[in-house]
Amino acid sequence: MSEQPVRQLGHAIHAEFTKITTTRLWWMLALIMIVYVALVAGGLTAILASVGGSRGPQITDAQRAPLIYSFGSSIGYVFPVLLGALVTTSEFRHKTLTPTFLAMPRRGRILVAKLVALTVFGGLFGVLAMASSIGAGSGVMALFSQDARLTDPAIWALAGRAVLAMALWCSVGVGLGVLIPSQVAAIVIVLAFTQFVEPILRFASGLTDVTAQIGQYLPGSASDALVGSSFYSLTAPTVVGLDWWQGALVLLAYAVVASFLGFFTSWRRDVT
Amino acid sequence: MPAGVTIEFTHLTKRFGSGSGSVDAVSDLSFTVEPGQITGFLGPNGAGKTTTLRMLLGLVAPTSGTATFGGVSYRSLAHPLSTVGSALEAASFHPGRTAADHLRVYAQAAGLPRQRVGVVLEQVGLEQYGSRRVGGYSLGMRQRLGLASALLGDPSVLVLDEPINGLDPEGIRWIRLFLRQLAAEGRTILVSSHLLSEVQQSVDEVVIIAHGTLIHRGSLASLDMTETRQVIVDAPDRVALQLALTAAGYHFSSLRGGVIVENADAEAVGRTAFDAGVTLSSLSQKRTGLEDSFLALVGEEGAL
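Here the protein sequences line up with chains A and B, keeping their order.
So the first sequence is numbered by my numbering: it starts at 67 and just counts up by one.
So the second sequence is numbered by my numbering: it starts at 430 and just counts up by one.
Note that these hints are calculated values from the structure, not bench results.
These numbers were taken from a predicted model, which means no experiment stands behind them.
Each residue gets a CB set at the ideal place from its N, CA and C atoms; glycine is no exception.
One or more of the hints may lead you astray.
[What the hints assert, rightly or not] For each label pair, taking beta carbons as the anchor points, the in silico distance ranges come out as:
id, chain 1, residue 1, chain 2, residue 2, range
1, B, G465, A, D336, 44 to 54 Å
2, B, G465, A, T338, 30 to 40 Å
3, B, S451, A, A223, 52 to 62 Å
4, B, G554, A, V250, 35 to 45 Å
Using the sequences and the accompanying hints, generate a full structural model.
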């Protein structure tokens, strides 16, 4: 009796992994992410190096590498969110919840399995995104004879925290997907929030001390606190920072709360 | 495959909405489905068949009542896919996934050996198409893939919602033989359909519902309602025949091709004519067709 749920959960996680790898979605998203991150990280390194220190934000040699490398997660995070949300909403859209719940009628276990499988996949996206930002960024820095700091342990600690952030973002996507089962609505919300609403909120919240206290709990701020460096820290110098582990917990809380609400609203509903 | 299991529906009710606007999709439905035979679950579209089957499979929560497999609800089954195989009307596949991968996902979820995927694809005749994406499948192939999913766990109970819908004549013949063979192996088989003629040649028992309530339960032969039978009779001297029938107290209607006598028996009508000395040119019993009985039972909507 005690072993059964654990074994069932193992089967469910196995099946959720297979669901992700047997459609084209994951590698298409990964491919776009890698190209996008490489262009931004490499391109920005080149631009900053060419204009020199006369214009734009002042970036020291010590700031440059972590700033460029953190693009892997600071612009790449939308991809694991989309993966988590699309994989989850496609169960509703293609009515595959029916065979899923027939194979395993314990719905809570399936949602946990989905969160586990996609968190791992989000980590994989993190590895790919950081490989892209570090690869492209350090390559261009080498061209301009700048210090890419690849032997600095702090850089690799940042990469590790970025991978964790990407993993957590993917689970936030799952939570969003169960909360908003309409695939189109979920995509619109992800894009509008991450690309438009949140950047404005973060900028506006930085204007007063009180709102800044609240603003640090926005998912993007929490993610930047976790990773430890991003271009926001340059544009909004008064940012109140959470510790990296607090940032991780805030992101995890978003994923858990959204999944929990989604479980009670859409996941447990009649499947017709 | 374990021994056959009886499906039991007990006072099963599903109410959609609440207050005065509520609708009973299924109301107080009670019947059993026995192993070793094919039971047809019939009713017009919208009668509540799919809702009933989805409640049986734990996908829709009943408002009251229960539906179980030998007393155990679907959600409480230790190995659901190895006990009950089901294919529901809205075939649910991810179009971008291949048939073999689709089956692999659910075999893994249920902890079934990977070899089952190849076995069931072969059973339904899709072994050559397993590596094709389901998005390119025809309706007939999707029906077969649905059946393959149902067979994954080699279950003793099969629940199939409209499995014949959309099949070509060759496919219909194939599924009839296939279901026969599965029933002969001792499995419990419940097949829904909105057309009696679709399943007439396959089923042993029928359960008929309309507006969510049970209206008939029995063998297929029980549908042949003898109480409404008619006799068609004719004589060269039609007037003499009609006088004899009137004298014997029959109700009849005279048509060009003969006289239709209501609620009559060919032997009794023949004797009436013989006693009256009327020579008959034809005499036959007209049995109401199964489909007519079915339509009479389910009412006007059945004519769709």
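Hint by hint, here is what the structure shows:
| no. | hint | result |
| --- | --- | --- |
| 1 | G465(B) to D336(A): 44 to 54 Å | violated, 32 Å |
| 2 | G465(B) to T338(A): 30 to 40 Å | holds, 31 Å |
| 3 | S451(B) to A223(A): 52 to 62 Å | holds, 60 Å |
| 4 | G554(B) to V250(A): 35 to 45 Å | holds, 37 Å |
When held up to the earlier numbered hints, the structure conflicts with hint 1 and nothing else.
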